[in-house]
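Listed here are the chains, written in short residue letters.
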Amino acid sequence: MPESAPHVGLTDIHKSFGHFTALDRVACSVASGEVVALFGRNGAGKTTLLKILALLMRPTSGDYQLQGESARRRPDRTRAQIGFISHSTYLYADLTAFENLNFFGTLYDLSDREDRIQRALNDVKLWDRRNERVRGFSRGMQQRLSLARTFLHNPSLLLLDEPYTGLDPIATDMLDRLIERCQGEGRTVILTTHNLDLRLRVVSHVLVLEKGNVVFDERGTGFSPKQFTEIFRAHVDEADE
Amino acid sequence: MFKKILRILWKDIVTEFRTRELFSAMFVFALLVVVVFNFAFESAPRESILQAAPGLLWVAFTFSGVLGLNRSIAIERENMSIQALMLAPVDRGGIYLGKMLGNFVFMMVSELLIVPLFAVLYNFSFSARFGQFLLILVLGTLGFSAVGTIFSAIAVNTKMRDVLLPILFLPVVVPVLIGAVETSVRTLAGEPLRGMMDWVKILIVFDVIFITTSFLVFEFVLEE
Amino acid sequence: MDQAILQVPNPMLIKITRNFFYPLVILFPVSLYMVFVYAPEEETMGIVQKIFYYHVSAGWVFLLAFGLVFLGSVAFLITQRQVWDTFAASSAELGVVFCSISLTTGPIWAKPVWGIWWTWDARLTSTLVEWLIYVAYLMLRANVPEPTKRANLSAVFGILGALDVPIVYFSIRWWRTQHPQPVMGGGGYLDPQMRLAFYVCLLTFTLLYFFMLGRRIELAQAQETLTSLKRRWARK
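Residue numbers (the working numbering), protein chains in the order written: chain L, 51 to 291; chain C, 4 to 227; chain Y, 51 to 286.
Watch out, some of these pointers could steer you wrong.
Said to hold, decoys possible - Which bits of chain C does chain Y cover? Going by a derived footprint, with three or more residues having C-beta under 8 Å, they are:
| hint | region |
| --- | --- |
| 1 | 145-157 |
| 2 | 170-180 |
| 3 | 213-219 |
Claimed, not checked - Computed beta-carbon distance windows for the label pairs:
| hint | chain 1 | residue 1 | chain 2 | residue 2 | range |
| --- | --- | --- | --- | --- | --- |
| 4 | L | Thr215 | C | Leu124 | 31 to 37 Å |
| 5 | L | Asn263 | C | Asp94 | 53 to 59 Å |
| 6 | C | Ala122 | Y | Ile128 | 34 to 40 Å |
| 7 | C | Ala131 | L | Ser188 | 56 to 62 Å |
| 8 | C | Phe66 | Y | Ile158 | 29 to 35 Å |
| 9 | Y | Phe220 | L | Ala77 | 29 to 35 Å |
| 10 | C | Thr215 | Y | Asp241 | 44 to 50 Å |
None of these hints come from the bench; they were simulated from the model. Predicted model only: the values in this text are computed from it and were never measured. Backbone N, C-alpha and C define an ideal beta-carbon position, used for all residues, glycine too.
Work the whole structure out from these sequences, hints included.
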């Protein structure tokens, strides 16, 4: 990985749905190993931005670079590096926990699949229930398995879309620890939230989206929930008036 | 990529083995069509029933196929796992082929169970030239699943969802239906394959054109 | 970005077709004259045969229109430019209109000649199936509210539907030749005067199609402009 190029570089990313402009020439860059908190109200364009980063959506125009290379030119390589969490669990309800991970493991061409699955299931404390169908799992267990699925292929870029919404306290703790671990391992994390009560201590970069524009973009250390609230108030409400 | 396609197919087959949702719906529906048609034919002479029988079978396959196609795409939407497939480093065309093969397998299985039942209910024999009939069954069903898989993925994005699928699907598969019925009628009358190569060719052309084109354009159906 | 919405992206087609208005004003009465006065009456079918000129012209235009749906769909998938989607959609609407003309004039012609309104003859049947494919295309469009998604889905359907048209045509033709059917009258030979009248009709319908296509695209763009202006106004 060239040190000079940022991990993620966006230039003039524009996305419109008919007459609705979801993203209006968004430009930003994220360095390797940063934990980015992307704030914004509902409809500000957070999910759209993450979907574009995950290649689930094509931008109307603009350039998306991943480690100094055009991300869309070699899509499979980009996809192999990305882990994505949304409010859907992305699991097959009639396959067992193990089968789900094994299935996705094959799609990602993982060679040491069995070991990885065992480790991932241990991390989310589901190894004992690996041979049970997902349909019988509680919502919390499904979310934990979904976390295991996301981390299975060791993604270097994690995209988390409102990851805390609907999580039970156990899964919330787990996610916090996983993100902290990612930060320790030098992976990049981008998470969106409209919840300002973010307890995460490792956030190193704050972005605020408002009506498809980046209105705040600063790096720092040890952001606190109070600071998040201040930043949000200062930039979102101001733009509203 | 071949391994991944088979893996998607395997995933659908395992799911189906456990739930039997798709298969039971398709099988029971096809059987119902066959039974209900009996009332429509009641006063018709036996010869004309025998003439219309292959057509009736294919109509049953078509409509039960639509049910199966809708269910097959609904499974991917349950937890939005279709997005997980899109996130994975798999070619979009590969996702299409995996789902298409799954639909093909399920349709074939339910058809192969309906055929003997039909033979019993209508006192009909398929034993003459069964291999030839099987070839037609494969070519016709491949055409159905080629078109049906991509159209079900289109229909699921619309306001009407599953209601729209038959409206999109039926007019486009008309050539398959005509070809399959023509060749079936003649096969069951004992005609050899040599005499109907034109029809076999049209079925093959249809399958090849629709599989390759869908393979190429499937990403536009999936991506937003 | 407002400029991107307000600009007319396909001015060539719109400008050229707008000029078709004047030749059409002349061609329509001329074609009526050619059909009803200049061309002789057909011996066996009589006055009824006059419908042939419009029936076949409409048939040619709907095939052309569906061909352009294919073109627009392919162009949209490659360029992802909205104008190609508008182009394909407009052409599909017109295609369905001309196809409906063909489907209604057919039976009107058939009834006095064959004694029946409808027969599952090769041309009629394949026209009906093609009509159903493009009605499905329009229904698909009506059911996807989000414009980008709508454009992509209908382009895919537009391509697959168009590839199906020749296969439908040939399969139905082969299917029909194996079954008894009434013989189509007045097919092979056309009197030179009749032929000239037919060509004039064909030209009139083709120009009419392009004229209307240009107006339909213009209308769609005016609608878009209006919506975007409304949105901007509402925001202020």
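Each hint tested on the structure:
1. 145-157: holds (count 4)
2. 170-180: That given contact holds, which follows from 7 residues of the region 170-180 of chain C lying within Cβ reach (below 8 Å) of chain Y.
3. 213-219: Satisfied; 3 residues make the cut.
4. L/Thr215 with C/Leu124: 31 to 37 Å: Violated, at about 54 Å.
5. L/Asn263 with C/Asp94: 53 to 59 Å: About 35 Å separates the Cβ atoms of L/Asn263 and C/Asp94, which means 53 to 59 Å is violated.
6. C/Ala122 with Y/Ile128: 34 to 40 Å: 50 Å, violated
7. C/Ala131 with L/Ser188: 56 to 62 Å: Since the Cβ atoms of C/Ala131 and L/Ser188 sit about 57 Å apart, the hinted range of 56 to 62 Å holds.
8. C/Phe66 with Y/Ile158: 29 to 35 Å: With Cβ atoms ~34 Å apart, the hint holds.
9. Y/Phe220 with L/Ala77: 29 to 35 Å: At 54 Å between Cβs, range violated.
10. C/Thr215 with Y/Asp241: 44 to 50 Å: Holds, since C/Thr215 and Y/Asp241 (Cβ atoms, about 46 Å apart) stay within the stated range.
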